[in-house]
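Produce the entire structure from the sequences given, and follow the hints as far as they go.
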Amino acid sequence: MKKLLSYRNIRRLYAGFFLLLFFLLIFLTNFRFMRGFEVALFLQLDPLNAIATFLTSWTIYKGLIIAVVIIISTLILGRYFCSWMCPLGIINQITGSILQKIKPVDAYKMNSFRTAYRIKYYVLTFLLVLAIGGSLQIGLFDPIALITRSFAVSVFPGVNFSTGALYLNQPVFYGGVLVTVVFLIILFANRYITRYWCRTLCPLGAMLGLLSFSPIFAIRRDVDRCNNCQRCLKNCHGACDPHSTLKTSECMVCMNCIEDCPEGALRYGLPAHKSAQVTSLDINRRRLVESAVFGLIAFPMIRSSVNAENIPQPSVIRPPGSLAEKDFLRRCLKCGQCMKICPTNAIQPALLESGFEGLWTPIIINSIGYCEYNCVLCGQVCPTGAIMPITVDKKIGSGGEKPIKIGTAFYDYGRCLPWAMHTDCIVCEEVCPTSPKAIWFKQVDVKMRDGSIKKFKLPYVDVNLCIGCGICENKCPVKDRPAIRVTSVGETRSNKNKMVLKENKI
Amino acid sequence: MSNTKLINRRDFIKKSGLVASLALGAGVWGYVFYSDEPVKKTKKHIMTVKDFRVEPIKTYPDIAVAQGRDVEAITKKVVDRLGGMSRFVKPGERVLIKPNASWDRQPELAANTNPLVISAIVKMCLEAKAKEVWVTDVTVNDAQRSFARSGIEQAVLKAGGIIKFPSSNDFVETDLKGDALKVWPVCRFIHDIDKVINVPVVKHHSLSKCTIAMKNLYGLIGGQRNLLHQDIYTSIADLATAIRTTLTVIDATRVLMRNGPTGGDISDVSEHHTVLASIDTVAAETYALRFLDLKVEDVPAISIAEKRGVGSSRLNDLHIAEV
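Top line first, the protein sequences correspond to chains A and B.
For what it's worth, the numbering used here labels the leading residue of the first sequence as 10, then goes sequentially.
For what it's worth, the numbering used here labels the leading residue of the second sequence as -16, then goes sequentially.
These are computed hints drawn from the structure, not numbers from a lab.
In this text the structure is predicted, and so the values were computed from the model without any measurement.
Treat the hints loosely; a few may be bogus.
Unchecked claim - What the simulated footprint calls covered on chain A by chain B, stretch by stretch (three residues with Cβ under 8 Å from a Cβ of chain B suffice, anywhere in the stretch; the number is not a length):
(1) 177 to 191
(2) 358 to 366
What the hints assert, rightly or not - Pairs of lysine-lysine, BS3-like flavour, derived with a Cα cap of 25 Å:
(3) A/K243 / A/K283
(4) B/K165 / A/K488
(5) B/K26 / B/K160
(6) A/K464 / B/K278
(7) A/K464 / A/K484
(8) B/K59 / B/K112
(9) B/K290 / A/K463
(10) A/K484 / B/K192
(11) B/K192 / A/K451
(12) A/K463 / B/K278
(13) B/K(-12) / B/K(-2)
(14) B/K141 / B/K114
(15) B/K192 / A/K463
(16) A/K484 / B/K147
(17) B/K278 / A/K466
(18) B/K41 / B/K60
(19) A/K456 / B/K192
(20) B/K147 / B/K106
No residue lacks a Cβ here, since even glycine has one placed at the ideal position from N, Cα and C.
Rendered as C-alpha cells:
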C-alpha cells in the first residue's frame, strides 16, 4: 500500500491550499467583499517585489515587509516557494501534467538541467539594474504580478463571459487580449517542457535561487545506496539534477525524487556522512556581467523616450491617490489589483500611453468607466503604494481641504448637443458629483434656422471645481467620442502638468 | 504502392454510399440555408407592460399626507389612510418596489430615497402576505455601491425584502407606446411581478426642474437613457403613461433643494419630515412640487401626462387627507 501522508502528498496539500487561497483572494478583491482582508497577500509575500521596490525607492512599504518571512525561510529550506506556494508555478505544474504524455525514458531527459535555465538569472540581473535606476519593470515578469494581472484582466472576465457568475456587468479591458496571450503562451509552453516558465525565465525563481545558494536543509543523496538509475528525474519540478550534484538554486523541494527513488537513497535534511555534494548556482559569470552592463546601458536610453513624466500625456489619468509619475513608475508593479477592484471598470491596463515603461500600468479610460466619487478602493488594494490608500474625505475634500484632482474636463463644443445642434441635453451637469457642480450652464436665447427663438442651457466647466472624475464623459450621449472629455492636466499629483496660475472666478 | 490497390465491389459500394450521402447533405444544406440576408434574422419578441393599477375607491382620499419624525410610522400612516397595504397587495403576489437609489451617496444627502420609507413598505407588503418583495433600480452610479451606501440594501434585507441588481442581461425590448419612448429596453423584473410601488424622493433637477414620481420610473428602463434629456418632458410623460404603478409613496422627509439630482452637500438638503401616498402618480407629484417651491406650470411633464389621462393635477378638486 502506498503511503498516504508522503512528502509528495503533503506538498500537494500545501500547493492546493495556496492555489485556492490565491483564487479566493482575487475573488474577494471586490467592493462587495472588502472587509479588510489582505487581498494583496501573495504580492506582499513575494520577495522580488519587496527587493525591487526597495531598490527603486529605498523603502520596504507596509505589507511588503512580510516578504522577509519568505526570504528567511528560503535561506533555511531552499527554493520551496515555487512548488509549495507560487500560484503560477502550481498552475504550470498542473498544466504540464495534463498536456504532456511522454514516456518515462524521455521524462528523464526533459527534467535534467539545461544551460537555458540560466537565462532567468540574466533576466533578474537586467531587471534589478533597471530598478536601481528607478524603472520598475519587475512586474512584467514577476510571477505573482503576472498571474494576478492575468486573473484580473483575462481569467475572471473570461469565466464571467462564459458563466455570468462573477460580476454584475461583464468587465472589458483595453488591449486585454495581450495579457491573455502572454498567459496562454506561458501555460502552453508546458506542453514542451514542464515549468518552462519557472525554469527558464522566472525572475522570482532566480531571486529565490540566489537565496538558496546554500540552504541548511536540502535534498541529500546517499552515495552508497544510489545505483544511478536516474528515476529521481522522472517527476523533478526544478530540473536540479538530484541524481548527480544537486543544484540547490534550482531545486524546488518538490520531494518527488524522494518518493520516486526505489533505493531510498534520497532524503530531505541536513548533510550526513555519505551525502553527495551539492552545488548552488550554475551560471556563466560573463553572461551575468553582460546582462548587468546591458541594463546599465539600456536604462538611460529607455529613459530618453517619452513618458508621462517628462512630457505630460493627456490620456495618462492615474487613479486617485497615485504618486507623481516619476515615483509612480518606481512603485507600480502592473499587478492589476486596482483593475480588479474598480467598480466601474474604469481602471485599465495602459499600452504605450506612458511610454514602454508604463505598459499595463493603470490608467482611467472614461469611455469604459469613470472614477466613482465616493470610492477609494484602488488605493486600498495597491500592494506597493503606487496608489496611496486615501480616505473618502481626503479624496473629495472636506473641511476646507482641496479635493484630489485626477484631471480636468473640457468641452468639445463642436460635438456638444446644446452648443452645436441646439438640442436639450446637459446630462453632464446632471451627473456631475461635486457640490456645487463643476459643470454649470448659461441659459441663452438662440435664434433657430427658421427664425424662431428658443432657450437652451449651454454647459461650461468650472476648472476650480472639476476633479476629473470623468462621469460626464462616460455618460455623454455622444457615444464614440464624447463632447466632454477629461485629460490629465491639473492633476493634483503633478507639479508640472498644470494650466492655471491661480483660481479665478469664471 | 498501396494507394494503387484495386477496389473491390464491397468497398466501392461503401465508398459510393458515403460520397452520395455527403453530396446529398451538401445539397440539403444549400437548399435549407440559402438566403438573401447576410445574417440570419431572429424574430425579436417585444413585450408590453401590464397595468398594475388597482380600482380607485371613493371612500378613501386621493392623497394621504403625514408629518412626523418617525419615518416608518408616518409611512405606515399614509398607506393605512389609503386603505392599508392589503388594498394594494393581495396574498401570494410578487411586489416590486422602485426607490430612487441612483447615487453612491449617504442617506443624509437626500440623493436617494430614505431607507426607512422603503423598509416600512417592505414590511407592510410582507404583512399583506406578498410572496416576495423585490427592490430594484437601474442606477446611475455603480448599482452595488449605490444600494449599499444609500442604506437601502441593508434596510430591505433586514425587513425581509430582496434586492434585485439589474445586470446588462436583465433588459428586454418592450413597447412603451410613447411619443419619444417607443420600443425600449426595459428591466425584465417588471414583467415578472404583479404590483409596482413607486417610492421616489423629492429632488431638484436642472433640466426637468424636479425629479419626483414620474421621473423615478427612469430607473426601470435601460438602453441609452441619456438620450431622453433631448425631450425630457415627453419622455417623462411617456414613462408615466406606459408604466401605471399600483401606488406612489413620495419621500419628502429630506428634500434636495439644489445641485440635484446628485446633491453632495448637507446644505443642499432641507428637512420636511413628510411622506405622502396616492394611487394617482400625477396628483402625488403635483402635491410634492410645494417642497421645491414649484408650480404645475413649471413642469410641463405634469400637464402632458394629465392630458393623456394618467392622473389629475387639480389639487383643489382632490380629497387630500392629512393624518
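Exercise. Taking each numbered hint in turn, which are not upheld by the structure, reported in ascending numerical order?
Worked result: 2
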